[in-house]
Amino acid sequence: MIRQIIAIAIKELKVLWLDREALALLFAMPMFFILVMTFALEGVFQAGSKGHPIEILVVHKNGGPVADRAIADLKKMEGLILIETYEGIPLTSDKAEQLIHKGVYPLALVFPEGYTERILKTTNDPQKEKVAVHLISDPAMNFQLLATVKGAIQGAIERQVLFAKIPQRLKERLGTLGGMEGQLENLMGDTNVSEREKSGVVFIHTFPKGFNVGRRPTATEQNVPAYTIFGVFFIVLTLASSFLQEKKDGTFQRILAAPLSKTALLIGKLLPYYLVNLVQIGLMFSIGVFVFGIKLGNLPALVIISIALAAAANGLGLLVAALGKTEAQVNGLSVLLAITLSALGGMMVPTFIMPDLMKTLSLFTPHAWALAGYHDIIIRGLGTKDILSEMFVLLGFASIFFVVALWRFRFDQ
Amino acid sequence: MMNTSIFIVDDLWKSYAKTDAVQGLTFQISRGEFFGLLGPNGAGKTTTIGILSGLIEPTGGRVSIDGVDLFSRPMEAKARLGLVPQNFALYPTLSAHDNLVFFGRIYGLKGKHLGERIARVLDIVELTDRANQTVATFSNGMKRRLNIAAGLLHEPKILILDEPTVGVDTQSRNAILESIHSLNKSGVTVLYTTHYIEEAQRLCDRVAIMDQGKIIALDTPARLIRDLGKGIIRIEFNAGVDDKLLDQMDHIGLVRVIDDQKMRIHIETDRTDQSSRELLDLIKTRDGLLKTLDISEPNLETVFIHLTGRNLRD
Chain L
1 MIRQIIAIAI KELKVLWLDR EALALLFAMP MFFILVMTFA LEGVFQAGSK GHPIEILVVH
61 KNGGPVADRA IADLKKMEGL ILIETYEGIP LTSDKAEQLI HKGVYPLALV FPEGYTERIL
121 KTTNDPQKEK VAVHLISDPA MNFQLLATVK GAIQGAIERQ VLFAKIPQRL KERLGTLGGM
181 EGQLENLMGD TNVSEREKSG VVFIHTFPKG FNVGRRPTAT EQNVPAYTIF GVFFIVLTLA
241 SSFLQEKKDG TFQRILAAPL SKTALLIGKL LPYYLVNLVQ IGLMFSIGVF VFGIKLGNLP
301 ALVIISIALA AAANGLGLLV AALGKTEAQV NGLSVLLAIT LSALGGMMVP TFIMPDLMKT
361 LSLFTPHAWA LAGYHDIIIR GLGTKDILSE MFVLLGFASI FFVVALWRFR FDQ
Chain V
1 MMNTSIFIVD DLWKSYAKTD AVQGLTFQIS RGEFFGLLGP NGAGKTTTIG ILSGLIEPTG
61 GRVSIDGVDL FSRPMEAKAR LGLVPQNFAL YPTLSAHDNL VFFGRIYGLK GKHLGERIAR
121 VLDIVELTDR ANQTVATFSN GMKRRLNIAA GLLHEPKILI LDEPTVGVDT QSRNAILESI
181 HSLNKSGVTV LYTTHYIEEA QRLCDRVAIM DQGKIIALDT PARLIRDLGK GIIRIEFNAG
241 VDDKLLDQMD HIGLVRVIDD QKMRIHIETD RTDQSSRELL DLIKTRDGLL KTLDISEPNL
301 ETVFIHLTGR NLRD
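From first to last, the protein sequence lines are chains L and V.
Following our numbering, the numbering of the first sequence begins with 1 at its first residue and continues without gaps.
Following our numbering, the numbering of the second sequence begins with 1 at its first residue and continues without gaps.
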């Protein structure tokens, strides 16, 4: 049986190799997307706009009026949604971290307890009595987007701190507050950078506990895995077309008239496509490393996700081969699935800026799980144990695809 | 010489939701025999071949190949069979040699033995000088020959050929038939399906005529023609004939009206020369009525017409 499987696999590789244009397309297509889209879409994500607001968790237990006013200001900002409770319960710092860790929300803003009191006690000496406001972010969040949101939040908070401290400052400088209240706004408008530095607030950006992140994610770190997954699923078209061709030419019939099981035939037939997928993934990540300088993180974990991803893609290919009765059906279905599942799975637009319904739907695509796995490894610095859930889900998708495909597959039609 | 059955088919059935494609086929093929399965399109030949080569599961019945039950020991039974399907069943982007390497490996051939077998089958089908040429560049005739070569690689005891000459020119067809005949003479048992009468008559030791999933006659071509074959006079008129004229034709032979307009009739007769003269006398008074008249001497097709009232190629 092994010899027969190898014979089928070698034949299939020869057939694939002779159709070099199709094979080249499998590699060129995701490469093209990685190169072009990474450069072209750098910083152009629409997240944070009115139509695609960013959801920010806010923790402000006993933060006082200065925190409340900063939050109120942030709520007025277009493109931001502030969430203070989760399932009806006010958020805690731990809960917020947990939700970001799970990828439910991308950002959390944490005001310390007694924030207002502590702010008002600070002096103008920036070396003393600093009050820390924490911004916790998902390491997988787009860096450009994060920088923009961070700037907006920081500005709003410092503005309210300065407002709160103006009476104290005036008292220090003028000894009285008489007749000055109406000019507070003007005073704020004139506030310069050096005065902001003296606000006494330290803005600390962290990642949730458990993430080993020594650096920030770049567009490449997000786009390389995303478009690799996108390209991997294009094997569906090549694989399904090849099965259809064998049915059409009657070669399946001839092979099955030989003393050979259908299982051996399918394994031998799928094996080359599986290997092509793995080579494809290797090549795409090599481009990421050598052209864009990304660091891949834990390699065994990366291999595990890649193996599971290729299994899911091959399973889907066999499913399309089982369902498509004509070349047009196979072509249409393959392209439809490759594009739709990629879009839905967050390959083109990050899932965290999608509406809730789309976010939920994305969980029904292998793409989203593969991307989550790759992000865990590359961006969040997680290891083998941490990506097992993604691996099992991908293998689950692969199993479902294979079972349904084998149920529906007819060798003679 | 042909007294040991190598292929035993016993009460074979294949039913689909609305039809019984194969209905209780029973026959035996002797070792070294050239056995033909003749029938029109839709008679159930391809389904039968599919079952006999282990590709389609039957609804009922038993098939034994060289003493091995096909359904309980399929791998052993299949190793004794060589299938030449109706489709070319080749990889067009690969060379003839690479195709044969692949199909040989599928049957477990390897190394020097595989190389020798490839050289031998290419010689049999006269494609040795085209071995390294891509199959896509082959003519239909060459593809048919390579198709046969692929079925011969593992030296099967029984070679099943499903319409192996469809779509080829006369020259290639003769070459293919000659190759198959030589193979049979060298001891290979052949099960041959065709709807070409002349092929069946020329090659087959015995012929089973199939219609609507059943064998309606089985014997040597000579005996079938002798016992069941009548000459056929096919007549086409320019207008529908009246009942009076049809009644008058009745004494010439068995008259069958082919179409509703009564413009085409067949007359079965044992004496085609005399009957055609009588027929021409009968209709000479009807000016312009006769359009064409065609006479077939008794053959397997007239046997089929006799048995079913239909043409084999309808």
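Read the hints as simulated data drawn from the structure, not as lab findings.
Certain hints may be false.
[Unchecked claim] The calculated lysine to any residue pairs, modelled on SDA-like cross-linking and capped at a C-alpha distance of 20 Å, are:
1) K262(L) x A131(V)
2) K214(V) x E57(V)
3) K14(L) x T220(V)
4) K262(L) x K262(V)
5) K247(L) x F88(V)
6) K110(V) x I2(L)
7) K248(L) x I56(V)
8) K110(V) x K247(L)
9) K14(L) x G240(V)
10) K112(V) x K262(L)
11) K110(V) x F88(V)
12) K247(L) x P92(V)
13) K248(L) x Q154(L)
14) K214(V) x I8(V)
15) K247(L) x K112(V)
16) K248(L) x G297(L)
17) K262(L) x A79(V)
18) K110(V) x A328(L)
19) K262(L) x I8(V)
20) K244(V) x L290(V)
21) K248(L) x N132(V)
22) K248(L) x Q86(V)
23) K262(L) x T134(V)
24) K248(L) x L245(V)
25) K262(V) x Q274(V)
26) K14(L) x T134(V)
27) K262(L) x N132(V)
From a predicted model like this one, the values you see are computed outputs, not experimental measurements.
How the hints compare with the structure:
{"no.": "1", "hint": "K262(L) x A131(V)", "result": "violated, 29 Å"}
{"no.": "2", "hint": "K214(V) x E57(V)", "result": "holds, 18 Å"}
{"no.": "3", "hint": "K14(L) x T220(V)", "result": "violated, 47 Å"}
{"no.": "4", "hint": "K262(L) x K262(V)", "result": "violated, 54 Å"}
{"no.": "5", "hint": "K247(L) x F88(V)", "result": "holds, 12 Å"}
{"no.": "6", "hint": "K110(V) x I2(L)", "result": "holds, 13 Å"}
{"no.": "7", "hint": "K248(L) x I56(V)", "result": "holds, 17 Å"}
{"no.": "8", "hint": "K110(V) x K247(L)", "result": "violated, 26 Å"}
{"no.": "9", "hint": "K14(L) x G240(V)", "result": "violated, 62 Å"}
{"no.": "10", "hint": "K112(V) x K262(L)", "result": "violated, 28 Å"}
{"no.": "11", "hint": "K110(V) x F88(V)", "result": "violated, 24 Å"}
{"no.": "12", "hint": "K247(L) x P92(V)", "result": "holds, 14 Å"}
{"no.": "13", "hint": "K248(L) x Q154(L)", "result": "violated, 65 Å"}
{"no.": "14", "hint": "K214(V) x I8(V)", "result": "holds, 16 Å"}
{"no.": "15", "hint": "K247(L) x K112(V)", "result": "violated, 31 Å"}
{"no.": "16", "hint": "K248(L) x G297(L)", "result": "violated, 45 Å"}
{"no.": "17", "hint": "K262(L) x A79(V)", "result": "holds, 15 Å"}
{"no.": "18", "hint": "K110(V) x A328(L)", "result": "violated, 39 Å"}
{"no.": "19", "hint": "K262(L) x I8(V)", "result": "violated, 25 Å"}
{"no.": "20", "hint": "K244(V) x L290(V)", "result": "holds, 16 Å"}
{"no.": "21", "hint": "K248(L) x N132(V)", "result": "violated, 24 Å"}
{"no.": "22", "hint": "K248(L) x Q86(V)", "result": "holds, 12 Å"}
{"no.": "23", "hint": "K262(L) x T134(V)", "result": "violated, 28 Å"}
{"no.": "24", "hint": "K248(L) x L245(V)", "result": "violated, 52 Å"}
{"no.": "25", "hint": "K262(V) x Q274(V)", "result": "violated, 23 Å"}
{"no.": "26", "hint": "K14(L) x T134(V)", "result": "holds, 13 Å"}
{"no.": "27", "hint": "K262(L) x N132(V)", "result": "violated, 30 Å"}
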